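Turn these sequences into a full structure, and let the hints steer you where they fit.
These protein sequences, in sequence, are chains A and B. Each step along the first sequence adds one to the number in full-length UniProt numbering, with nothing skipped, and position 314 is 314. Each step along the second sequence adds one to the number in full-length UniProt numbering, with nothing skipped, and position 219 is 219.
Some hints could be false.
All copies of an identical chain are treated as equivalent in the list; a pair is satisfied when it fits inside any one copy or across any two copies.
Heads up, simulated DSS-like pairs for lysine-lysine below, C-alpha to C-alpha not over 25 Å straight-line [to be verified]:
{"#": "1", "residue 1": "K368", "residue 2": "K151"}
{"#": "2", "residue 1": "K143", "residue 2": "K119"}
{"#": "3", "residue 1": "K387", "residue 2": "K295"}
{"#": "4", "residue 1": "K298", "residue 2": "K151"}
{"#": "5", "residue 1": "K298", "residue 2": "K64"}
{"#": "6", "residue 1": "K387", "residue 2": "K317"}
{"#": "7", "residue 1": "K64", "residue 2": "K383"}
{"#": "8", "residue 1": "K119", "residue 2": "K11"}
{"#": "9", "residue 1": "K261", "residue 2": "K11"}
{"#": "10", "residue 1": "K291", "residue 2": "K64"}
{"#": "11", "residue 1": "K261", "residue 2": "K33"}
{"#": "12", "residue 1": "K119", "residue 2": "K306"}
{"#": "13", "residue 1": "K383", "residue 2": "K28"}
{"#": "14", "residue 1": "K261", "residue 2": "K119"}
{"#": "15", "residue 1": "K364", "residue 2": "K151"}
Just so you know, the hints here were simulated from the structure itself, not pulled from any lab data. Values in this document were obtained by computation on a predicted structure and should not be read as measured data.
2 protein chains.
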Amino acid sequence: MRANINYNHLKESYLFSEIARRVSDFSKTHPEKEIIRMGIGDVTLPLCSSVVEAMKQAAEDMGKADSFHGYGPEQGYDFLREKMQAYYAENNVALELSEIFVSDGAKSDLGNILDLFDKENTVLIPDPVYPVYVDTNLMDGRKIIFTDANKNNGFLPLPDDSVLADIIYICSPNNPTGAVYNREQLKLWVEYALRNHAVILFDAAYESFIVDKDLPRSIFEIDGAKNCAIEFCSLSKTAGFTGTRCGYTVVPQILEFDGMKLNHMWLRRQTTKFNGVSYIVQKGAEAVFAKDGRKQIKENIAYYRKNAEIITSALDKLGIWYTGGKNSPYIWLRCPFGLDSWTFFDMLLSEIGVVGTPGAGFGKNGEKFFRLTAFSTNENTTKAMEKFRSLIEKGAGRL
Amino acid sequence: MRANINYNHLKESYLFSEIARRVSDFSKTHPEKEIIRMGIGDVTLPLCSSVVEAMKQAAEDMGKADSFHGYGPEQGYDFLREKMQAYYAENNVALELSEIFVSDGAKSDLGNILDLFDKENTVLIPDPVYPVYVDTNLMDGRKIIFTDANKNNGFLPLPDDSVLADIIYICSPNNPTGAVYNREQLKLWVEYALRNHAVILFDAAYESFIVDKDLPRSIFEIDGAKNCAIEFCSLSKTAGFTGTRCGYTVVPQILEFDGMKLNHMWLRRQTTKFNGVSYIVQKGAEAVFAKDGRKQIKENIAYYRKNAEIITSALDKLGIWYTGGKNSPYIWLRCPFGLDSWTFFDMLLSEIGVVGTPGAGFGKNGEKFFRLTAFSTNENTTKAMEKFRSLIEKGAGRL
Numbered sequence: 001m002r003a004n005i006n007y008n009h010l011k012e013s014y015l016f017s018e019i020a021r022r023v024s025d026f027s028k029t030h031p032e033k034e035i036i037r038m039g040i041g042d043v044t045l046p047l048c049s050s051v052v053e054a055m056k057q058a059a060e061d062m063g064k065a066d067s068f069h070g071y072g073p074e075q076g077y078d079f080l081r082e083k084m085q086a087y088y089a090e091n092n093v094a095l096e097l098s099e100i101f102v103s104d105g106a107k108s109d110l111g112n113i114l115d116l117f118d119k120e121n122t123v124l125i126p127d128p129v130y131p132v133y134v135d136t137n138l139m140d141g142r143k144i145i146f147t148d149a150n151k152n153n154g155f156l157p158l159p160d161d162s163v164l165a166d167i168i169y170i171c172s173p174n175n176p177t178g179a180v181y182n183r184e185q186l187k188l189w190v191e192y193a194l195r196n197h198a199v200i201l202f203d204a205a206y207e208s209f210i211v212d213k214d215l216p217r218s219i220f221e222i223d224g225a226k227n228c229a230i231e232f233c234s235l236s237k238t239a240g241f242t243g244t245r246c247g248y249t250v251v252p253q254i255l256e257f258d259g260m261k262l263n264h265m266w267l268r269r270q271t272t273k274f275n276g277v278s279y280i281v282q283k284g285a286e287a288v289f290a291k292d293g294r295k296q297i298k299e300n301i302a303y304y305r306k307n308a309e310i311i312t313s314a315l316d317k318l319g320i321w322y323t324g325g326k327n328s329p330y331i332w333l334r335c336p337f338g339l340d341s342w343t344f345f346d347m348l349l350s351e352i353g354v355v356g357t358p359g360a361g362f363g364k365n366g367e368k369f370f371r372l373t374a375f376s377t378n379e380n381t382t383k384a385m386e387k388f389r390s391l392i393e394k395g396a397g398r399l
Numbered sequence: 001m002r003a004n005i006n007y008n009h010l011k012e013s014y015l016f017s018e019i020a021r022r023v024s025d026f027s028k029t030h031p032e033k034e035i036i037r038m039g040i041g042d043v044t045l046p047l048c049s050s051v052v053e054a055m056k057q058a059a060e061d062m063g064k065a066d067s068f069h070g071y072g073p074e075q076g077y078d079f080l081r082e083k084m085q086a087y088y089a090e091n092n093v094a095l096e097l098s099e100i101f102v103s104d105g106a107k108s109d110l111g112n113i114l115d116l117f118d119k120e121n122t123v124l125i126p127d128p129v130y131p132v133y134v135d136t137n138l139m140d141g142r143k144i145i146f147t148d149a150n151k152n153n154g155f156l157p158l159p160d161d162s163v164l165a166d167i168i169y170i171c172s173p174n175n176p177t178g179a180v181y182n183r184e185q186l187k188l189w190v191e192y193a194l195r196n197h198a199v200i201l202f203d204a205a206y207e208s209f210i211v212d213k214d215l216p217r218s219i220f221e222i223d224g225a226k227n228c229a230i231e232f233c234s235l236s237k238t239a240g241f242t243g244t245r246c247g248y249t250v251v252p253q254i255l256e257f258d259g260m261k262l263n264h265m266w267l268r269r270q271t272t273k274f275n276g277v278s279y280i281v282q283k284g285a286e287a288v289f290a291k292d293g294r295k296q297i298k299e300n301i302a303y304y305r306k307n308a309e310i311i312t313s314a315l316d317k318l319g320i321w322y323t324g325g326k327n328s329p330y331i332w333l334r335c336p337f338g339l340d341s342w343t344f345f346d347m348l349l350s351e352i353g354v355v356g357t358p359g360a361g362f363g364k365n366g367e368k369f370f371r372l373t374a375f376s377t378n379e380n381t382t383k384a385m386e387k388f389r390s391l392i393e394k395g396a397g398r399l
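This is the structure we're talking about:
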């Protein structure tokens, strides 16, 4: 048997293990120092009560013969897909039920969708980027080209017709930069994809953080997108489902390449390699879209948004350039004093005990940038940003 | 973008939809006739109480800040993997924790594991077979060769050194035939794989139905298997998890091809394309392996085994040849009167309202065979087999 040698081209990701190592070393030598973590992308608030109650009820139903559920439809139960359909309709996106696939998370589907594409396609990925887009394509041996996201374009690169790509990754609101494409910008990408017979993989995992009514929450708000795009969404950040696991993927019926309908291919892929999401989790997800659930998750998002405001208001006062924070839980700031991101990481850790994520971990264009997240507590975020301000102000005098 | 044209080589599976169509047509023309379903592979008994209680508790924990769980380890929580490790130890199989990967089911892992293998490998699949093995390899464009399972070899084909294969599928207890390999037979497969540098994908989803102490429940009970095999297991049939979703896959640390460790590759695959199983489901799965859970699921399996006995005892009395039923929930019988499987299907449906699965749906060697499952109620199974006996006895006189 010959193993898939493309795996030899993967680099080990040392980002989060290296962060953990440096934090652990620091804690050992400075056991008295308090550490505030603002680097992780995981939520901290518990599941809202209506989701918990729905899952408890579902577990109970599974224990009784007359309400037991065995194998469900691989693409998800209609009771949940109808809620998702209605959610899209609020943004004037009309979807057929058959276009919505419930999954165990956006990460799974973003990886698995590549089954549908030939290995000879060229992939266009922004730098900096969520490393999963890169690694999943390296595993298949696809050619990857990078498009620069940087301060000049506000970390929102636009299409370039001199670059030919078949598969395009767009994440908006972006991880790690928090930047969000507007309608006109997304339209340029849709037009580029249609012109070049490319497919856009649109990662909308952070859409629920968008407050600005003018910003698109779904690529399907853009005319023509159903002819060129697949959208991935998740309840991880929307409803704190990082450990509960539920997402959804939209594959338009009209989307076709080489005479092959991607919706039909994805249904075939999922019915062959997947058996659907746990009934209990789908009942919890249904509660997210119900009236009480919507109200409760809005409160949670407002809580995280408060943190984002605390961070951006401190950066505004310090005159530090950043993207994100307004319509995203991520704040992507330029390291002060021209520092590189790992040096800045060490400075924040050793001087004030604050842990963020060095931008270099997301690509070469992140080398002078730094990611802070809004998922800590209000209290710790306030404390961290006060220390941050005084450190930078002190440093500004010193440097 | 070029789509994966291998999908054009997939045949639509009409088996279960065709069964549903024929049953529906019959019910319309004969609304007064009772239908007993003995064709499906889905469980019918509800989850046992200790699993339900564990999941309710876990859902509650997720609703409180101090017991909330966000992202978990992609390969599963240690609390569950330790239980699985102990379960293997009962059969004298010593596993390292890092060799066990918790998943959302055997079907997902059986499909996704192919990511690790080059597309140029040749695949050996028994006929008749669970169609997923075939379809997942067609999607990748791999060459497939079939090995005949038939009445002569008791539907347990043995290796043939004149046939060169790189990837070998073995399902024991088998779906659809219920046949189970003994130690000596599995040893021949392990030796063949080691001789030919092949990997065995061992599907042990039905291991909990084995009662005969001499039959292996895991391929790792065979010397040398850790150098050539990956094992897939599931709680679907063991604990009624078809709608709850949890399985596990064992990839030995020692397993290596082309200098690449498959365990390390699978960990990389799972951390890149998967985010772990829901915490709530993993807590439910943990309860399956605890003392009360073990006792409760044993009662459920005994209930299904009773059905298998009702079926096999009727077949014994009628002198009908079959495999399975003793150490498996499936009974694979030779169609009486030399009928082909779809004709026999129509006869059972129209004469006695019993629905089974025509063997032809699983491959050419199933054309004269028929699958009955033990997942109905005791009452219905008894009723169905009484009707079955009188039908066959009547038919024997008539034909």
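Structure-based check of each hint:
no. : hint        : in the structure
1   : K368 / K151 : within (10 Å within a copy, 70 Å between copies)
2   : K143 / K119 : both (8 Å within a copy, 18 Å between copies)
3   : K387 / K295 : neither (34 Å within a copy, 56 Å between copies)
4   : K298 / K151 : neither (31 Å within a copy, 63 Å between copies)
5   : K298 / K64  : between (34 Å within a copy, 17 Å between copies)
6   : K387 / K317 : within (14 Å within a copy, 84 Å between copies)
7   : K64 / K383  : between (50 Å within a copy, 24 Å between copies)
8   : K119 / K11  : both (20 Å within a copy, 22 Å between copies)
9   : K261 / K11  : between (34 Å within a copy, 15 Å between copies)
10  : K291 / K64  : between (27 Å within a copy, 21 Å between copies)
11  : K261 / K33  : neither (57 Å within a copy, 41 Å between copies)
12  : K119 / K306 : neither (44 Å within a copy, 50 Å between copies)
13  : K383 / K28  : within (22 Å within a copy, 71 Å between copies)
14  : K261 / K119 : both (18 Å within a copy, 23 Å between copies)
15  : K364 / K151 : within (13 Å within a copy, 63 Å between copies)
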